[in-house]
Amino acid sequence: MGKANHRAAIEAVKDTVYRTCLLMDDERWSDWLELCDEGFYYKITAYSPEIRRDMLYLDGDRDQIAQMCELLPKHNTDRSPLKRHAVVYTVDVEDNGKAAQAVTSFVIYQNMLDGVNSHIDAGENHLFAVGRYLDSFEIADDSARFLTREVRLETRRLDKGTHWPL
Amino acid sequence: MARNEKQWNAHPDPSRIEWADSRIYSDEEIFEEELEKIWKKVWIPVCHESELAEPYDFRTMTIAREPIIVCRDTDDKIRAFLNVCPHRANLIERRPSGSFKDGTPSGNPKNMTCMFHAWQFDMKGRCVHISRAEEGYQDRLSPKDVGLRRLRCEVAFGGMVWVTLNDHIEHSVKDWVGSALDCILEPLEMEPLEIFHYHKSIIPSNYKLWHDTNSEFYHDFVHYHNRVTGFNDAYFARKNMTFDNGHVVVGSFEVQYDQYEGFESREALSFPTLPPNNWYMIDIFPGINYNLRGSALRVDLMTPLSANEVMIEFRGLGLKSDSEEDRLTRIRHHNTIWGPMGRNLHEDLLSITGQGVTMRPGTEPRHILHGRHENETIHDEIGMRHYYDTWAEWMGRPLHNPTNRPPVAAAE
Ligand code: FES
Ligand SMILES: [Fe+2]
Chain A
1 MGKANHRAAI EAVKDTVYRT CLLMDDERWS DWLELCDEGF YYKITAYSPE IRRDMLYLDG
61 DRDQIAQMCE LLPKHNTDRS PLKRHAVVYT VDVEDNGKAA QAVTSFVIYQ NMLDGVNSHI
121 DAGENHLFAV GRYLDSFEIA DDSARFLTRE VRLETRRLDK GTHWPL
Chain B
1 MARNEKQWNA HPDPSRIEWA DSRIYSDEEI FEEELEKIWK KVWIPVCHES ELAEPYDFRT
61 MTIAREPIIV CRDTDDKIRA FLNVCPHRAN LIERRPSGSF KDGTPSGNPK NMTCMFHAWQ
121 FDMKGRCVHI SRAEEGYQDR LSPKDVGLRR LRCEVAFGGM VWVTLNDHIE HSVKDWVGSA
181 LDCILEPLEM EPLEIFHYHK SIIPSNYKLW HDTNSEFYHD FVHYHNRVTG FNDAYFARKN
241 MTFDNGHVVV GSFEVQYDQY EGFESREALS FPTLPPNNWY MIDIFPGINY NLRGSALRVD
301 LMTPLSANEV MIEFRGLGLK SDSEEDRLTR IRHHNTIWGP MGRNLHEDLL SITGQGVTMR
361 PGTEPRHILH GRHENETIHD EIGMRHYYDT WAEWMGRPLH NPTNRPPVAA AE
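Line by line, the protein sequences are chains A and B.
Taking the working numbering, I'd label the letters of the first sequence as residues 1 to 166.
Taking the working numbering, I'd label the letters of the second sequence as residues 1 to 412.
No lab work stands behind these hints: they were computed from the structure.
Careful: at least some of the hints might be erroneous.
[Stated by the list, open to error] Residues on chain A that point at chain B, a partial pick, calculated with CB under 7 Å:
| # | residue |
| --- | --- |
| 1 | ASN76 |
| 2 | THR155 |
| 3 | ARG156 |
| 4 | LEU158 |
[Stated by the list, open to error] With a cut-off of at most 27 Å between alpha-carbon atoms, the simulated DSSO-like pairs for lysine-lysine come out as follows:
| # | chain 1 | residue 1 | chain 2 | residue 2 |
| --- | --- | --- | --- | --- |
| 5 | B | LYS200 | A | LYS43 |
| 6 | B | LYS40 | B | LYS101 |
| 7 | A | LYS74 | B | LYS200 |
Ideal placement from N, C-alpha and C gives every residue a C-beta, glycine not left out.
Build out the structure end to end from the sequences listed, making use of the hints.
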């Protein structure tokens, strides 16, 4: 793979990661899933030093995540939106230029709306979660599609929690 | 018709509808008294034995503000102590869990060491080392005078480690729980269990409001999942049962998991002897919950932090003998409903958060209705009434006027 192609692959990965943050911030779940391969697999994990075990908090393939997002409007939920702030730290492109892995560090703020007493805290931001996106991509035609995403959380005190993918 | 102030504050006739004064949730003096009269007196399941699987493993926690440590000895016995150094009351161990097998910067392997002045204790709580003892204490203090404060500790009901601050408690854990856990005793005890999930929440609400949510299912209206997988004749026939010491059981029925799009029957991985897709909920006084849904067990422990703040620790457990694949399935079953991103848990926590807003310390007293009677079935509030009868007895405070201050309605 030539240098220019390598650079283009890195840019493609960054573009997909950052675009995804904006789509998720806007709760455009199906638009995000459009950036994912048919065989996409998503999971939220954390290591617990309390029980000294790796844990899985949520997982699903593309259809399962899509189905979950479609059903969530039937559920009661905290309407305070989550806003992601992310930095892509590393992108490793495979030699053939057709696949890549990226590590992105993120913090997610909750922009309070109705989570507690909206009169008092609507408009305030809470730090909701800290972690990393561990992503893998397929690269074709200068664009990167998600094959997998692991949301590796450091935060384990999630208080009210959330219904939505992070 | 909306009510004016006088009408709003008028007490409901308790012979027609049972109620409690909301100050049981919001009064700070009552909260302090609950720690003394209830939380320091009862058995609390502080963790699961698989969290300290090997000799020298330990786990730390808090009951009623008292720091606790439990550790496993070489004879496999789990012992509990105050995590407080007898020298100058430093916290002995600061980590949530770990092993004493290896040494620490101030101490030897196989001992607990208080890092401050390096006093050391063994897994039986004996003091085995005082730094420069003779030079400073001559013959006035010896290690045998400064052992740790041991606490009564029993492993019971599915391998939970139960601890009490009460040396004089009259019950064993078995007697304390009585027959409340009989309905899931075989599933819990046929084979060893193992923890796979832990997370915690701190919610600005009174701890009893969480317990209420777990002991009445009238609130299934908040859960889309429970409405579509339940709300049939078998669901409405579920019985609520009351047991000695304030415990409550919400009886079982067969949940129709496949009625929720994308969810599946849990039959293939039922806990031993549990009929397929059955679901039992057991509420142990004053704030512990066993929740067995077919293939996964959830155990909640509350740690009340103030009148308006509670920490809830959520544990998920499967069978120790699980294959990797079965374990993953159990974890998924657990997560879809009870994980931090699960369908139900978030809804339950939002509900008690809202109650916490209206019943903050200093808010006006309100009437909290516990008055549904429906033949002791699922939407009957008998569970809450039973809990609060026990609470009122332990506290020596009446539910209609729990503080010594005059009831509102009298002030016209
Ligand atoms: S306080 Fe523990 S050794 Fe001094
Ligand atoms: Fe619930």
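Each hint, compared with the structure:
1. ASN76: Holds, about 5 Å.
2. THR155: 9 Å, violated
3. ARG156: Nearest chain B Cβ about 5 Å off; hint holds.
4. LEU158: 4 Å, holds
5. B:LYS200 to A:LYS43: Measuring from Cα to Cα gives roughly 19 Å; hence the hint holds.
6. B:LYS40 to B:LYS101: 31 Å, violated
7. A:LYS74 to B:LYS200: 25 Å, holds
Hint compliance for this structure: hints 2, 6 are not met, and every other hint is.
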